[in-house]
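Modelling step: build the complete structure from the supplied sequences, incorporating the hints.
Protein chains: 4
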Amino acid sequence: MHNDRMTTKVAVAGASGYAGGEILRLLLGHPRLRSGELEIGALTAGGNAGATLTSQHPHLLPLADRVLEETTPEILAGHDVVFLGLPHGTSGEIADALPPATLIIDCGADHRLQNAQDWTDYYGGEHAGTWPYGLPELPGNRVALRDASRIAVPGCYPTVSILALRPALAAGLIEPQVTVVAVSGASGAGRSPKVDLLASEVIGSARAYAVGGVHRHTPEIAQALSAAAEIPVSVSFTPVLAPMARGILATCTARTAASAAEVRAAYEKAYGDEPFVHVLPEGMLPTTGSVIGGNAVQLAVTVDERAGTLVVVGAIDNLTKGTGGAAVQSMNLALGWDETEGLSTVGVAP
Amino acid sequence: MHNDRMTTKVAVAGASGYAGGEILRLLLGHPRLRSGELEIGALTAGGNAGATLTSQHPHLLPLADRVLEETTPEILAGHDVVFLGLPHGTSGEIADALPPATLIIDCGADHRLQNAQDWTDYYGGEHAGTWPYGLPELPGNRVALRDASRIAVPGCYPTVSILALRPALAAGLIEPQVTVVAVSGASGAGRSPKVDLLASEVIGSARAYAVGGVHRHTPEIAQALSAAAEIPVSVSFTPVLAPMARGILATCTARTAASAAEVRAAYEKAYGDEPFVHVLPEGMLPTTGSVIGGNAVQLAVTVDERAGTLVVVGAIDNLTKGTGGAAVQSMNLALGWDETEGLSTVGVAP
Amino acid sequence: MHNDRMTTKVAVAGASGYAGGEILRLLLGHPRLRSGELEIGALTAGGNAGATLTSQHPHLLPLADRVLEETTPEILAGHDVVFLGLPHGTSGEIADALPPATLIIDCGADHRLQNAQDWTDYYGGEHAGTWPYGLPELPGNRVALRDASRIAVPGCYPTVSILALRPALAAGLIEPQVTVVAVSGASGAGRSPKVDLLASEVIGSARAYAVGGVHRHTPEIAQALSAAAEIPVSVSFTPVLAPMARGILATCTARTAASAAEVRAAYEKAYGDEPFVHVLPEGMLPTTGSVIGGNAVQLAVTVDERAGTLVVVGAIDNLTKGTGGAAVQSMNLALGWDETEGLSTVGVAP
Amino acid sequence: MHNDRMTTKVAVAGASGYAGGEILRLLLGHPRLRSGELEIGALTAGGNAGATLTSQHPHLLPLADRVLEETTPEILAGHDVVFLGLPHGTSGEIADALPPATLIIDCGADHRLQNAQDWTDYYGGEHAGTWPYGLPELPGNRVALRDASRIAVPGCYPTVSILALRPALAAGLIEPQVTVVAVSGASGAGRSPKVDLLASEVIGSARAYAVGGVHRHTPEIAQALSAAAEIPVSVSFTPVLAPMARGILATCTARTAASAAEVRAAYEKAYGDEPFVHVLPEGMLPTTGSVIGGNAVQLAVTVDERAGTLVVVGAIDNLTKGTGGAAVQSMNLALGWDETEGLSTVGVAP
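Protein sequences appear in the order of chains P, X, S and B.
Numbering-wise (UniProt numbering), the first sequence opens with residue 1 and increments by one.
Numbering-wise (UniProt numbering), the second sequence opens with residue 1 and increments by one.
Numbering-wise (UniProt numbering), the third sequence opens with residue 1 and increments by one.
Numbering-wise (UniProt numbering), the fourth sequence opens with residue 1 and increments by one.
Do not take every clue at face value.
Said to hold, decoys possible - Simulated restraints, written as ranges between beta carbons of each label pair:
#	chain 1	residue 1	chain 2	residue 2	range
1	S	ARG146	P	SER55	33 to 43 Å
2	P	SER55	B	ASN115	29 to 39 Å
3	S	VAL143	P	TYR209	50 to 60 Å
4	S	VAL67	P	GLU268	19 to 29 Å
5	P	GLU268	S	GLY46	47 to 57 Å
To be verified - Quick look at which bits of chain P chain B covers, simulated, 3 or more residues with Cβ under 8 Å:
#	stretch
6	69–77
7	198–208
8	237–245
Claimed, not checked - According to the in silico footprint, chain S covers these stretches of chain P (three or more CB under 8 Å from chain S):
#	stretch
9	18–28
10	53–62
11	281–292
12	341–347
No wet-lab data here; the hints were simulated from the structure.
No experiment lies behind these values; they were computed from the predicted model shown.
All C-beta atoms, glycine included, are put in the ideal place defined by N, C-alpha and C.
Shown next, in the form of structure tokens:
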């Protein structure tokens, strides 16, 4: 087991990126850090190795004395938990070099897809295999994660899209062709310097990208929804970059003959016991602003009767529930801790 | 005719709002203002009557000496052109009180819909009638606008949604059920002070509103698309407010069996001669940032073959092509001037 | 004493405003809430009384069942702690109607100033008196707050301005004429709907306001700095509104003949033991983004030798350390708890 | 002379940057382009050579057929006007290789400073010499620019800072120690991809940079202000990056014994005939939002009598009046055209 020592020691690889920074932000607020049961060990980076952590993340003041090390198996060894916030294609090798009992939680894409052909089509190269999927809200996943020592954290767009559409598909209430248009903040694109992610380009502008089903999160969404529907579900997915740092607002539609009451009942049943998924009361609509920094998923479920269309709007913080929060939630489960420790449903608003 | 005098005198009712301000911004750059053929006359307002124009619009420096008057037929009389930027339900009465030869260009919703029941369903009250629709890019409209003395400027969402989907529907290339998810800047919601439009609420947050087909622009979109398809088209429309002042990015989807080449050909044929509608070359995608302040419509046309879906992404400035630019374009046509005078396809970027 | 019962019951008056919302956000993360030692009682409002709390603050999901009550002494009675987030001029009356032992923490301005003439000059009307000033980082304040049952939370601009300049003045290192230009997010202006606070007006624009020393926080800054210098200090203060929701970045300057080393030494001595004030290492500069949601104050201390000027740049979150965080910090002190409980130096970034 | 041919042919070197894009945006609206007297010739770039212009500037649709060429003297030869939007240190060599009669307008810093030591201190390397300074609003400059074939466009911060403080210094109304804190949008930092200019880093955050007098625009401000005062003026300059794409708001202060009336009179006299500098009426304050895309400078002049301080707040668009607009204004002057052609005082707001 991972937690048979007094202290669980955690490493973060890719600590200078946004996923790594978010994991550290959440760990600094984790109650077991204060109690001494959790310890933050090695923090590693690629090009930023050698720099101080706070030169990269000046918001992580309690770690002001930390220096980023190289991302190598040697430095990551000796930890109970290793979070990976690395470019895709790199986590398999590191995982192979670490002991099987080490809990490895990969925020990258390498081990999310079940179908090797999907991997090759969307990412290229060879598929590294499939790990338990760190979305505890899907049937069966919570149990699987409690036994896992390898966990693939879902993509940010898939997290909200899957949660927004799964109950309707599982209940057979919509046609198996779904459309997702998801507005995201810029942090979802990572921290590499690129001209089209400069503030001057993003502020005051909205733009779609990866239009036409070519975004790599498309097969991940289809995989989970097809499992829910028990038939193949086709997904038209369009991501839109908006001038904000965090947050995803996904508008998810599909044709339906069901009534609003039927659909609401399915969602309330599906998520009634979930600590992080909130089906909003009628008349309320989610805003990304209200989930910033929190692990909540807010869903509004509506039927447009004129158009015969189910419209589910979902909001998450892409860095929290969409990445770092899901990683910590998965860690809590795998370590036998309460799933919600260190995570909040309260956003930082306005 | 409107232009048989030496000087065409223009009034703007509702000059303190965003539509009124945008019309004035464009008129100040109109070549016939400089040449003296165009003259800016009365500027009227409701609650702001008595204030200086630049207390409301400090960007309109050349009109710094102007004071806002009351919006009354008496003050609007004696002008060749009257632009109305008023709340819906008020323009009919003003129009009735002005001479039939006065060119009235209404930026409000009163005279856009053809079906009185649609009006009652979405706006309430009695339908004021239908005026020529100020979207010259629709077949037949350009001719009709040249003879018009009453013009209904389209809604901002309908402008981009209709232009994005009409060619595919007219050519029978998509199913007559369409989905539009359109991200808009806050100026589309007008200038009335409301808590949910405060900067603190909008910055850092995206939210959908009027979800489930209840937005008033829905029947307007359906009306034009059904005319194009020659059968009823159902429209699932979801507007999303994003943290920007201007711009609409509409992601428009429908199921298709057509190839990308067929679809592109239909769009290039439809818009090849249009001065303001640009079908972007393959690989380019529109950004609202590149159309700010200009009258351009940028469209990207894509087919997602896996999902059997046409995806057209369109960008406009909601205040220019979506309101004030369309109003000036319509004025130009109705006065027999070149349609593009005072309007640009160049945006202010970044 | 306030904490001689098992549970400390807290009310928030003005719970639908930004100050009230921030206090509740912090209380929801307070460790004594989870342990049952702290209980959230009445939540009151003015015009929003009768609405649910989450209709106003959808980010406060754990309080989704709460309804806002009227702000009356009767409803606020029976609580150990009452936070006031009310317009200025209203807290004195409420305080008078509550028992002397009730800990009242006023986020408004009524009881901050010591000089009645300053109050009259800047706020008008009669001065309500002076309460202990909830800035524990000032000499003597921490002790005073431990005994207090009435606390005036400092203004947001004064908090950062005072902390940025006090050590230099106390050490006699600068001339007693200081200049503060402070950039603030829009939440500092509160939640009342006003045209000039609309997202469309604020996004894409920076503007100074209350220019020429007329901002009401000016005498509050001067009061604390004069006390530090033991001579009157004149303050030129200009607030600037920038397109962000939270955060203040204050650039504070004064003429100096001191060296950078002397000045740094004074600041490090002043704040070396302070849990929330961080004098950044040379070469690092504060960003408001790195303190969002946290109670940290980040200061960079620089001497411009060519211009003979001390430049101290300070960053806080105006709603946390600038309002709600200071309120909770003051509560912790007055209740004899650890000052830092429920407060973090970690910001939510990016 | 430059304009003795029928058509003036213009090249832009560094056309893929923000300065180059802004010059092209303005040229596309220049009345002499439409009349055929002005022609846009070679557009060159560094790393982007070979790309289409609209791949870099999708807002410049009328130039959609243009391809970026290499920045070489050969390609720039044969033009009447060459705009340079290049990194500093590179324009001297290009200028030397072009004929003396070619009008070269340099948006870079190479030829702004008169003092070679200042150049070496702030930029390093050898000073390339001094060209006429493209700020026509300074005494004597307008005449000098009419004869110039080499023009140095002022820096963006100096433009607004100098215009904001010069009249008071020239009239001896303030002490010769001035403080400028200027909030700028991100486009002022250029278009090179850097982590700290990513949208995720800039949105939701304000930060000062180059604190302590080390920003390279400091000696440029001091040079012009010292000339105005006829004694050395010390400048404490702090630039602040705010989450917006364009615009500078400069808060400029200095100690004064003068009355508000005296100061206002000096400014009104200085700028009464200037087409682009607007001293706002009392009670109005500038916003960057109201000058976006226009060439206007808005100034508010206030005296804080309590603090004995002059406070002048100035707003410009850093890319228009701060760069590309000044470049076009200078071109107009040097070609003997009306100074205001193609430039507007009307901003794009909201």
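Okay, the hints, checked on the actual structure:
In this structure the hint that ARG146 (chain S) and SER55 (chain P) lie 33 to 43 Å apart at CB holds, the actual value being about 37 Å. Separated by about 35 Å at the C-beta atoms, SER55 (chain P) and ASN115 (chain B) satisfy the suggested range of 29 to 39 Å. At roughly 57 Å, the beta-carbon separation of VAL143 (chain S) and TYR209 (chain P) lies within the given 50 to 60 Å, and the hint holds. In this structure, VAL67 (chain S) and GLU268 (chain P) meet the distance hint of 19 to 29 Å, their C-beta atoms being roughly 22 Å apart.
Checked against the hint of 47 to 57 Å, the C-beta distance between GLU268 (chain P) and GLY46 (chain S) comes to roughly 34 Å, which is inconsistent with it. Beta-carbon proximity to chain B at under 8 Å applies to 0 residues in the stretch 69–77 of chain P; the threshold of 3 is not reached and the given coverage is violated. Counting residues of the stretch 198–208 of chain P whose CB lies closer than 8 Å to any CB of chain B gives 7, so the stated coverage by that chain holds, three being the minimum. Counting residues of the stretch 237–245 of chain P whose beta carbon lies closer than 8 Å to any beta carbon of chain B gives 3, which reaches the threshold of three, so the coverage claim holds.
Remark: the stretch 18–28 of chain P is confirmed as covered by chain S, as 4 of its residues place a Cβ nearer than 8 Å to a Cβ of that chain, reaching the required three. Coverage of the stretch 53–62 of chain P by chain S holds in this model, with 8 residues showing a Cβ closer than 8 Å to a Cβ of that chain against a need of three. Given as covered by chain S, the stretch 281–292 of chain P passes the check, having 7 residues with a CB less than 8 Å from a CB of that chain where 3 are the minimum. Only when three residues or more bring their CB closer than 8 Å to a CB of chain S does the claim for the stretch 341–347 of chain P stand; here the count is 4, and the claim holds.
When held up to the earlier numbered hints, the structure conflicts with 5 and 6 and fits the remainder.
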